[in-house]
Amino acid sequence: MLSFTSQRLAVALSVALTVSIVAFLLLHLSGDLATAIAGPEATAAQIAEIRHQFGLDRPMTLQYLDWLWRALHFDFGNSFYYRDTVTSLVASRMPVTMTLGAISLMLALVIAIPLGVLAAVYSGTIVDRLALGFCVLGQAVPAFCLGLGLIIVFAVHLHWLPVSGTASWKNYIMPSVALGWYAVPAVMRLSRNGMLEVLSSDYIRTARAKGLRPTVVILKHALRNAIIPVVALAAVQFGFMLGGSIVIEAVFNMQGLGYLAWEAIARNDFPVVQAVVLILAVIYVALTFLADVANAFLDPRIRLA
Amino acid sequence: MKTVYSSIAGLLAVIAIAGAPAAALASKSNDTLVYASDSEPENVSPYHNNLREGVIIARNVFDNLIYRDPATGKYMPQLATHWTWVDPTTLDLTIRQGVTFHNGDPLTADDVVFTLNYVVSPDAKVVTKQNVDWIKSAEKIGNDKVRIHLVGPFPAAIEYLAGPIPIYPANYFKKVGLDGFSKAPIGSGPYKITAVIPGKGVKMEKNTHYWKGSPLGQPSIGKLDFRVIPDAETRLAELMTGGVDWIWRVPKDQATQLKSAPNITVLSAETMRVGFLQFDALGRTPGAVPFKDPRVRQAVSYAIDRKAMIDNLVGGGARIMHSACFIDQFGCTDEGVPRYDYNPAKAKELLKEAGYPNGFKTEIYAYREREYAEAVIGYLRAVGIDAHLNYLKYAAMRDAHRAGKTPITFQTWGSFSVADASAFTGVWFKGDADDSSHDTEIQTLLKEADTSVDTDKRLKTYQKALKLIAEKAYLFPLFSYPANYAFTSDLVFTAQPDELPRFYAAHWK
Numbered sequence: 001m002l003s004f005t006s007q008r009l010a011v012a013l014s015v016a017l018t019v020s021i022v023a024f025l026l027l028h029l030s031g032d033l034a035t036a037i038a039g040p041e042a043t044a045a046q047i048a049e050i051r052h053q054f055g056l057d058r059p060m061t062l063q064y065l066d067w068l069w070r071a072l073h074f075d076f077g078n079s080f081y082y083r084d085t086v087t088s089l090v091a092s093r094m095p096v097t098m099t100l101g102a103i104s105l106m107l108a109l110v111i112a113i114p115l116g117v118l119a120a121v122y123s124g125t126i127v128d129r130l131a132l133g134f135c136v137l138g139q140a141v142p143a144f145c146l147g148l149g150l151i152i153v154f155a156v157h158l159h160w161l162p163v164s165g166t167a168s169w170k171n172y173i174m175p176s177v178a179l180g181w182y183a184v185p186a187v188m189r190l191s192r193n194g195m196l197e198v199l200s201s202d203y204i205r206t207a208r209a210k211g212l213r214p215t216v217v218i219l220k221h222a223l224r225n226a227i228i229p230v231v232a233l234a235a236v237q238f239g240f241m242l243g244g245s246i247v248i249e250a251v252f253n254m255q256g257l258g259y260l261a262w263e264a265i266a267r268n269d270f271p272v273v274q275a276v277v278l279i280l281a282v283i284y285v286a287l288t289f290l291a292d293v294a295n296a297f298l299d300p301r302i303r304l305a
Numbered sequence: 001m002k003t004v005y006s007s008i009a010g011l012l013a014v015i016a017i018a019g020a021p022a023a024a025l026a027s028k029s030n031d032t033l034v035y036a037s038d039s040e041p042e043n044v045s046p047y048h049n050n051l052r053e054g055v056i057i058a059r060n061v062f063d064n065l066i067y068r069d070p071a072t073g074k075y076m077p078q079l080a081t082h083w084t085w086v087d088p089t090t091l092d093l094t095i096r097q098g099v100t101f102h103n104g105d106p107l108t109a110d111d112v113v114f115t116l117n118y119v120v121s122p123d124a125k126v127v128t129k130q131n132v133d134w135i136k137s138a139e140k141i142g143n144d145k146v147r148i149h150l151v152g153p154f155p156a157a158i159e160y161l162a163g164p165i166p167i168y169p170a171n172y173f174k175k176v177g178l179d180g181f182s183k184a185p186i187g188s189g190p191y192k193i194t195a196v197i198p199g200k201g202v203k204m205e206k207n208t209h210y211w212k213g214s215p216l217g218q219p220s221i222g223k224l225d226f227r228v229i230p231d232a233e234t235r236l237a238e239l240m241t242g243g244v245d246w247i248w249r250v251p252k253d254q255a256t257q258l259k260s261a262p263n264i265t266v267l268s269a270e271t272m273r274v275g276f277l278q279f280d281a282l283g284r285t286p287g288a289v290p291f292k293d294p295r296v297r298q299a300v301s302y303a304i305d306r307k308a309m310i311d312n313l314v315g316g317g318a319r320i321m322h323s324a325c326f327i328d329q330f331g332c333t334d335e336g337v338p339r340y341d342y343n344p345a346k347a348k349e350l351l352k353e354a355g356y357p358n359g360f361k362t363e364i365y366a367y368r369e370r371e372y373a374e375a376v377i378g379y380l381r382a383v384g385i386d387a388h389l390n391y392l393k394y395a396a397m398r399d400a401h402r403a404g405k406t407p408i409t410f411q412t413w414g415s416f417s418v419a420d421a422s423a424f425t426g427v428w429f430k431g432d433a434d435d436s437s438h439d440t441e442i443q444t445l446l447k448e449a450d451t452s453v454d455t456d457k458r459l460k461t462y463q464k465a466l467k468l469i470a471e472k473a474y475l476f477p478l479f480s481y482p483a484n485y486a487f488t489s490d491l492v493f494t495a496q497p498d499e500l501p502r503f504y505a506a507h508w509k
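Chains as they are written, first to last, in the working numbering: chain A, 1 to 305; chain B, 1 to 509.
In case anyone wonders, no lab produced these hints; they're calculated from the structure.
Take the hints with a grain of salt, since some may be wrong.
[Unchecked claim] Facing chain A, from chain B, some residues (calculated, C-beta under 7 Å):
#	residue
1	LYS175
2	ASP179
3	GLY199
4	ASP231
5	GLU233
6	ALA237
7	MET240
8	GLY243
9	ALA395
10	ALA396
11	HIS438
We treat Cβ as the ideally placed atom computed from N, Cα and C, and that holds for glycine.
One chain only, chain A, in its complex shape (with noise of 0.2 Å):
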């Protein structure tokens, strides 16, 4: 367990570290960094006095690894266009995108992995095949367009919930269904394929034949063992919605980090693109890497493989 855990974490780390070059160069790759600085009318020596103050006069690998030492300590410069700390606008939207993540990935568990159950269940019958339809709508409507239907009926016509903002825990009820449905399709196939291979397997056989009720066979003794896969997809789907909530966060006017990243690509605001890129990509492999574990623990064959 130890070598395995060791082993993932050596690649969960050098992915990481790629990733914090590639953002490092993006800023770069945005043209002459002082003269972004510095703004459209500033004079020559203007430009040099910011490029020496900035270090940007510096070899780029020490610029590189005074970058990652400040990021490391959560410290990424100002902002082109607010006038703030980049640590402060991803601090203060940060919490938006967390809790909408956490919502979506909840709300699509609750919903997918019954489904999953029951279309394996009754595999190959109609409930299966209202199960799989189910989940495929959700992937199909785009979620703006499923967004804004939301908001039409819920909002504008039965006046139950409010458009957009983030005022109240009403706010995030559409875009989380919004969000929460695209992953529903991923979740409900893998527990459906787990439950089918774990349904038709001796053990199962043997709790039934013991005589035990279906339900305690299904819930206690399949539905343990299908899951497991699930626990991985689920961290995955949580990144996943991290960053994929872009759109949503668009559509519903809610000030996360997607909208944040969203902003900061169409102002050029490039050390905003840089952080959100870097801690987006960071949560994505410590959560990979957390899966990983998790699943060799409760998988013993996972280590060995």
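Dock chain B against the given chain A, drawing on the hints supplied.
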């Protein structure tokens, strides 16, 4: 993708409007007017953004020295009770006593002197340079007397003082600096800012101590809440559910549909904003090289059917513009200015003459009304020009344009609501950051026009410059923008062509 998005979204909007029940109206009851727009100023300090949303905040939160009555066009005293021209480059003003800033500091001649000297200092890095660069310096010449020294004669000075030149509190600004000021701005106007939340908007509250006798009148509505909602469909849905009370720039099709919605008033009016295409006549990027040839610029001008754009996209209230300014501005005229009526055959011919019989590839930059830019791209394609769209936020597009990276720029300009051609033509042709033709003949003419005290001479010189601009087709004016406002029927709101919603004059029914 975007077109698919737009059409689906448009369809959904139509469905939504068609069967929506009466909107729940919450805002009148808590005396808060929530207004929404798609963009937020990069900095709330009025001299440090050139976005319309910023101008609106400025007019509701700050006072100007002089007031121009939008109905009569007459100048009236605001912070200055009196003003006289000592000579064409010296203006003396008497500052009103008894006005206080939102933090309680009295507004004095010192604040006026500080503001004017600050905004022309290079350290201030104002982005609205063209609004203030006629000022050389200001000095205090008496307890309540201020003297403004001009760089040269500039008869439009009064118009500028009545517009984009709000007065800052000297002591507070010196204490907190620009960073502090942009987070918590303080003015003396009818509304005071209570919160600036980046990404979300700005909250304002009625200034209950607003000075009596102001030509702006006393504010009526208790609170203003400016919300940034980038998505047009979301803004519409918010209005229909009563989450927002006031929206504008409603697309033509949605405005037509909204008229049938209960409890919502739709108002369409022309504005001073003019949309236009600006060419990089200096050819600073590969895609811009063809635009060094005036025939190519003329070809583009002939290729675009502005009337069809107005009929199908822009809607009522828009007028085709032929000159590089808004037609009702002082000095703006299209008499004797060459016109480019839609003529694709002629466009192709000109392209052939210029050596591009098969057209060429280029880049177009735009920041708002994407559908207008897409229509332009369609017309260009019809004559063989393949223009790729770069759709950016305004500040990013402005920087790219000023750096000479944009072959065609789809600009719009509202002149900061200044009713003088210098606020339009001057910005794009006097050799400043936004000038991408650098034609010295035009620059000289405009400098002459802007500084001549003789009205007749001013008009004639402007006409000459505008004619030259059109002949050389440096800038292709499209049309004036109509504004479609949609707001709750509980609100009494009147629109002015200067595109400045005066919320301080609005009230509940």
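A quick look at each hint next to the structure:
1. The beta carbon of B:LYS175 is not positioned within 7 Å of any beta carbon in chain A (closest approach about 16 Å), and the interface hint is therefore violated.
2. Annotation: interface hint on B:ASP179 holds; nearest CB of chain A at approximately 5 Å, less than 7 Å.
3. With 7 Å as the threshold, the beta carbon of B:GLY199 comes within range of chain A, its nearest partner Cβ sitting at about 4 Å, so the hint holds.
4. With a least beta-carbon distance of about 6 Å to chain A, the hint placing B:ASP231 at the interface is held under the 7 Å criterion.
5. With a least beta-carbon distance of about 6 Å to chain A, the hint placing B:GLU233 at the interface is held under the 7 Å criterion.
6. Because the beta carbon of B:ALA237 sits about 5 Å from the nearest beta carbon in chain A, less than 7 Å, this interface hint is met.
7. A least Cβ separation of about 5 Å between B:MET240 and chain A falls short of the 7 Å threshold, and the interface hint therefore holds.
8. Interface hint at B:GLY243: satisfied, since its Cβ lies 5 Å from the closest Cβ of chain A, which is below the 7 Å cut-off.
9. Given hint, B:ALA395 at the interface with chain A, holds; its Cβ is 6 Å from that chain's nearest Cβ, closer than 7 Å.
10. Annotation: B:ALA396 was flagged as interfacial toward chain A, and the flag holds, the nearest CB pair being 4 Å apart, inside 7 Å.
11. Hint status for B:HIS438 relative to chain A: violated, with the closest Cβ pair at about 16 Å, above 7 Å.
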